[in-house]
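Peer 1: Full structure from sequences and hints, please.
First to last, the protein sequences are chains A and B.
Numbers 1 to 376, taken from my numbering, label the letters of the first sequence in order.
Numbers 1 to 376, taken from my numbering, label the letters of the second sequence in order.
Honestly, I wouldn't trust all of these hints.
Since the list gives no way to pick out one identical chain from another, each pair is judged satisfied if it fits inside one copy or across any two copies.
[As the list claims (entries may be wrong)] Derived SDA-like pairs (lysine to any residue); straight-line CA-CA distance at most 20 Å:
1) Lys225 x Pro84
2) Lys312 x Leu364
3) Lys225 x Gly108
4) Lys40 x Ala320
5) Lys321 x Arg246
6) Lys225 x Glu105
7) Lys344 x Ser324
8) Lys87 x Glu105
9) Lys223 x Gly108
10) Lys101 x Asp86
In case anyone wonders, no lab produced these hints; they're calculated from the structure.
Predicted model, so just to flag it, every value in this text is computed and none were measured.
There are 2 protein chains.
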Amino acid sequence: MSIQSFNPPVRTLMGPGPSDVHPRVLSALSRPTIGHLDPKFVGMMDEVKSMLQYAFQTNNELTMPVSAPGSAGMETCFVNLVEPGDKVIVCINGVFGGRMKENIERYGGIPVVVEAAWGDPIDLNQVADTFKTNPDAKMLAFVQAETSTGALSDAQTLVRIAHQHNALAIVDAVTSLGGVPLKVDEWGIDAIYSGTQKCLSAPPGLSPVSFSQRAVEKIKARKTKVSSWFLDLTLVMGYWGSGAKRTYHHTAPVNALYGLHEALVMLQEEGLEQSWARHVQLHHTLRAGLEKLGFEYIGRDGARLPQLNAVKVPAGVDEAKLRSILLNTYNLEIGAGLGSLAGKIVRIGLMGQTCNIRNVMLCLSALEAALPQARA
Amino acid sequence: MSIQSFNPPVRTLMGPGPSDVHPRVLSALSRPTIGHLDPKFVGMMDEVKSMLQYAFQTNNELTMPVSAPGSAGMETCFVNLVEPGDKVIVCINGVFGGRMKENIERYGGIPVVVEAAWGDPIDLNQVADTFKTNPDAKMLAFVQAETSTGALSDAQTLVRIAHQHNALAIVDAVTSLGGVPLKVDEWGIDAIYSGTQKCLSAPPGLSPVSFSQRAVEKIKARKTKVSSWFLDLTLVMGYWGSGAKRTYHHTAPVNALYGLHEALVMLQEEGLEQSWARHVQLHHTLRAGLEKLGFEYIGRDGARLPQLNAVKVPAGVDEAKLRSILLNTYNLEIGAGLGSLAGKIVRIGLMGQTCNIRNVMLCLSALEAALPQARA
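Peer 2: Structure follows, in structure tokens:
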């Protein structure tokens, strides 16, 4: 066996994530590893926490990056909050709502499903009605930004409905954080998870989460032990909590956290509102170009994510062939459809660092050149 | 808020992990991020798998890095293999055996504990006797290299005893992999997990695991769903399995895997046997020096890890003060005692890239200089 060092090609990442990682963040990843209990590292953890509080717009004490990708952030929310027998209303309008349901079931919860067509946002009236017929529901779970379809649901109103029925609101913000307005405290979100590889533009591997005081109280009042040792927040808090002496729980992914730290410094430099505005502005530019080329957006006006453009390819075009030409000829990655949309749509990401005018121009011009060759 | 970029100090890492990361590995971390389903990335995953098979000395098809630190690797083994009601004999001679027991309980298993004094290896006769009184035990779990004490247990014989009683053997190799002999196939280990930040000298954040065919069959025959979606091997295998089309499960930590890949290339260049020999050789040099300075090893002759030196500080020396002087004056990290050994011992790691003669000299000479100042 003689395997050589791996040198990846330089791609432009316009899929559904990972997004382009800025050289500053790549460079931060390669800084010297120090111990996970080193006082200097602990100081950096405090800064990561502050900057995540800013990104989430929250003062929640329990705000931190889980040491694993977004799926583990999802699991952290459900494994800690759901006890056997808990009824949870779960909204499904794409792949990730379905994954939430799967989580609820694995921890012994009883999911009550509210479904919307793939591409549509969650219907607010339907959720309110479901609470009326399920007054014992303890939680509402939904995806703010469905990565599989580009649909944006009205998180603020959904949380309000949950609270009217005395339920906690659990929100998937994997694709939304940093890209569209999200205000954890103002909206009253109780548990939220995200990923680093979307609008934050750090590499994949960490999952920022935040929990309200009400959520922390539900966790503290559990009658059963959390069915995961690694993700048990009552243990993890000893390491990420502030003030007192840090307790060793697991070894934090030191260099990955350097990268997230730098990505959050960059977000702070730009400003959250400015980042949201940039995503909207470049989405409009991309959209005008895509429609001119014959791509048709799925979903509804007013409920689409600027950072995730899910479009049907023009008639007669083979989407797999199109993606393959873009990747191999232009080093440009765009995403395929997932689940029931596989083969029908492509997903063009404009997330975080990817979201700049140079990439929009590249994408439109590469698509124009590739389309004739991608006819089925 | 105006948080600046984080520039860590340059430390020499002689604690219980993370160990020193070679510049080649740090540099690999900062290579451009590509998509987790990119054909080039998938090719790299295949190489990581081959090189992990080499490190573990196994042909197990189900060999891969879990996308989270060692604790998640432990959880991957137990959450997949333990079904409610399964009896598991678990050996405890330090912190990490205790954590295994905690895992077994969380997934509904019934732990039967075999205890040894902290610092001692697991007693083989005691395990054999425990199987005789618990003929229905389905698994034996133990730590080959106890990071909290430096004890090395006889993994080969322990696995043989488990198999004599028709039980599967689950082995914690977090600190052993790459540092001491470990032969998964020859010894017949059924499930094993490790970490990247010990003798492999990649940053923390990934957990290599491997499962025998017998283990895979037990997982496939489960009557209940695995109580973790993120760590469910029947799902993860769709992404890491070879041959067929990769199925998206979660987003792999792309850049962290670049680092592991490079660390494994370096292990392959040195050769596993040469790495084991280097650890023994430098351990002897360090040991001679430590004993001369008045440090006394805990544990038993013939059952100590070369890569983790757990020693009592000389009488009258404050170990916390000693560690603090080393860190602040010499940028040298050594580890504290854990659990019942806290305040009594220090742990000096000689793992992976840390294990070189320059570090041994630095450590001995810094200790000699610091000892007089560290008197309580």
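Peer 1: Taking the hints in turn, state whether each one holds.
Peer 2: Evaluation of the provided hints:
no.: 1; hint: Lys225 x Pro84; in the structure: both (11 Å within a copy, 14 Å between copies)
no.: 2; hint: Lys312 x Leu364; in the structure: within (15 Å within a copy, 67 Å between copies)
no.: 3; hint: Lys225 x Gly108; in the structure: both (13 Å within a copy, 11 Å between copies)
no.: 4; hint: Lys40 x Ala320; in the structure: between (48 Å within a copy, 17 Å between copies)
no.: 5; hint: Lys321 x Arg246; in the structure: between (52 Å within a copy, 18 Å between copies)
no.: 6; hint: Lys225 x Glu105; in the structure: both (16 Å within a copy, 9 Å between copies)
no.: 7; hint: Lys344 x Ser324; in the structure: within (15 Å within a copy, 61 Å between copies)
no.: 8; hint: Lys87 x Glu105; in the structure: within (10 Å within a copy, 25 Å between copies)
no.: 9; hint: Lys223 x Gly108; in the structure: both (13 Å within a copy, 15 Å between copies)
no.: 10; hint: Lys101 x Asp86; in the structure: within (13 Å within a copy, 27 Å between copies)
Taken one by one, the earlier hints all hold for this structure without exception.
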